[in-house]
Amino acid sequence: MGRDKRGMLVDILDTWLSRTNGSPISYMFLCSLGEKDDVEDHRRAEYMIKTLLSQQYRWKDVNFAWFNVNCSDEFPGLHMTNMPMVTSLFFYVNLKTHAAISLAQSSRLKSLDVRGSFDLSIVGEPLCMLNRCDFVFLSAFGFTGDRALRISLDVLKNAPFLTRFEAYFSPNLALSSRHDPHPRLLLRSLRTLKLEHGEAAAAIVDNVTLPSLEAFYYGSRVTEGIVFNFFQRSRPSLTFLAICGPCVGEDEIFGILRLLPCLKALRYSFSVVSKRFFSELAVGIAEIEENALSVEQAICPKLEILRLQNLLPLDSINECVEALITMMRSRARIQKSFENIRLELGNANSVEINVSDIGNYTEALAQCFEDRKGYLVVGDYENAFRKSFPPKSD
1 MGRDKRGMLV DILDTWLSRT NGSPISYMFL CSLGEKDDVE DHRRAEYMIK TLLSQQYRWK
61 DVNFAWFNVN CSDEFPGLHM TNMPMVTSLF FYVNLKTHAA ISLAQSSRLK SLDVRGSFDL
121 SIVGEPLCML NRCDFVFLSA FGFTGDRALR ISLDVLKNAP FLTRFEAYFS PNLALSSRHD
181 PHPRLLLRSL RTLKLEHGEA AAAIVDNVTL PSLEAFYYGS RVTEGIVFNF FQRSRPSLTF
241 LAICGPCVGE DEIFGILRLL PCLKALRYSF SVVSKRFFSE LAVGIAEIEE NALSVEQAIC
301 PKLEILRLQN LLPLDSINEC VEALITMMRS RARIQKSFEN IRLELGNANS VEINVSDIGN
361 YTEALAQCFE DRKGYLVVGD YENAFRKSFP PKSD
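Per the working numbering, the very first residue in the sequence shown carries number 1; after that it's consecutive.
No lab work stands behind these hints, which were simulated from the structure alone.
Just so we're clear, the structure is a prediction, and the values are computed from it rather than from any experiment.
Hints are supplied without guarantee of correctness; some may be wrong.
[What the hints assert, rightly or not] Here are the computed distance ranges between Cβ atoms for each label pair: (1) Asp38 x Ile12: 43 to 51 angstroms; (2) Leu185 x Gly7: 48 to 56 angstroms; (3) Val272 x Asp357: 24 to 32 angstroms.
[Claimed, not checked] The calculated lysine to aspartate or glutamate pairs, modelled on DMTMM-like cross-linking and capped at a C-alpha distance of 25 angstroms, are: (4) Lys194 x Glu35; (5) Lys336 x Glu280; (6) Lys60 x Asp37.
Where is the CB? At the ideal position from N, CA and C, for every residue including glycine.
Given only the sequences and the hints, what does the whole structure look like? Please build it.
Spelled out as structure tokens, the structure:
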């Protein structure tokens, strides 16, 4: 956009705010500047940002995102503490500054999505009872670990009808050894939970019981039984599970899967695997032919979608491949989706395999273990993921 047109944007904003005459406003503001933009462009952007922040008492449905804006020393910071009309807030900036958000007056809030590298605190009352809020996403790169945990648990505690919560923490975000204990929360409405990175992610799992959970995406470090204990006490009818990272041991993943008889989609990636993993998932073929009830005794008998990615074999690759082939053949007997397998081997090299021919593809299957970018897919994983974690606009 030319500089003359950029200058017009300021006039357009001022005119629009004047014509709305104090009524609630909904808008999308997206601004990204670069090194080639001059100081005047940054001052215009700063003016528009400050102007919109000054009108927060009128915000309703707001998408407010800006990047690489060099604010002046006079910029007052990010203070969103007066938003009584807001129903949906998407806020994403990469400004390294302090931000304060108060939701004490935001009783109409239904959707909250806050992302950025700034430090965040929630001021005023701990949180109002967010009785209408059903979706919250936090991306906390500027938080301390203790603050990230406290804010997350505050949101979960004070939004009794929340159905979906997602949080993405910095991988190096650690909790202090003296962080305050938190009472465990029983949340009956939460159906979708996605947590990635940081010790706060593990602490959240350890502090909640979610009997209605249907989809769980978890990526963190070793958590010493926390995930298994979570499923053991929650006993949800989970249908989608993604475990991404070395956050559960081999014995623990078996224990988890045995607690999930309704599971339909499983992603297991960035961890270790042995031939035992595939042997445990296999269904006894002879038992199926003699007694159909044995299918229900198998681990995850309803499993129809599987994605395996970036797994480090503990046994020899050949042993893992043989166990994988046996598992695929046995599963294909009870689930049609296992009749076809897709291998993505990096460099846009895709291989489609029918289970009847799987024995002829041992080298390709071995490459799936060897290639850090390779993965194996059964069924429509991408569609299952979108249904479980749809974009906010959906």
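Quiz item: Cβ-Cβ distance between Val272 and Asp357: within 24 to 32 angstroms?
Solution: 28 angstroms, holds
Quiz item: Within a Cα-Cα threshold of 25 angstroms, do Lys60 and Asp37 meet the stated pairing?
Solution: It is violated: about 31 angstroms lies between the C-alpha atoms, which goes past 25 angstroms.
Exercise. Determine whether the Cβ-Cβ distance between Asp38 and Ile12 falls within the hinted range of 43 to 51 angstroms.
Key: With Cβ atoms ~20 angstroms apart, the hint is violated.
Quiz item: Within 25 angstroms, alpha carbon to alpha carbon, are Lys194 and Glu35?
Solution: Outside the cut-off at roughly 35 angstroms; violated.
Quiz item: Can the restraint linking Lys336 and Glu280 be considered satisfied, given a maximum Cα separation of 25 angstroms?
Solution: Holds, at roughly 19 angstroms.
Self-check item: Cβ distance range 48 to 56 angstroms for Leu185 and Gly7, holds or violated
Solution: 51 angstroms Cβ-Cβ, so the 48 to 56 angstroms window holds.
Of the numbered hints listed earlier, those contradicted by the structure are 1, 4 and 6.
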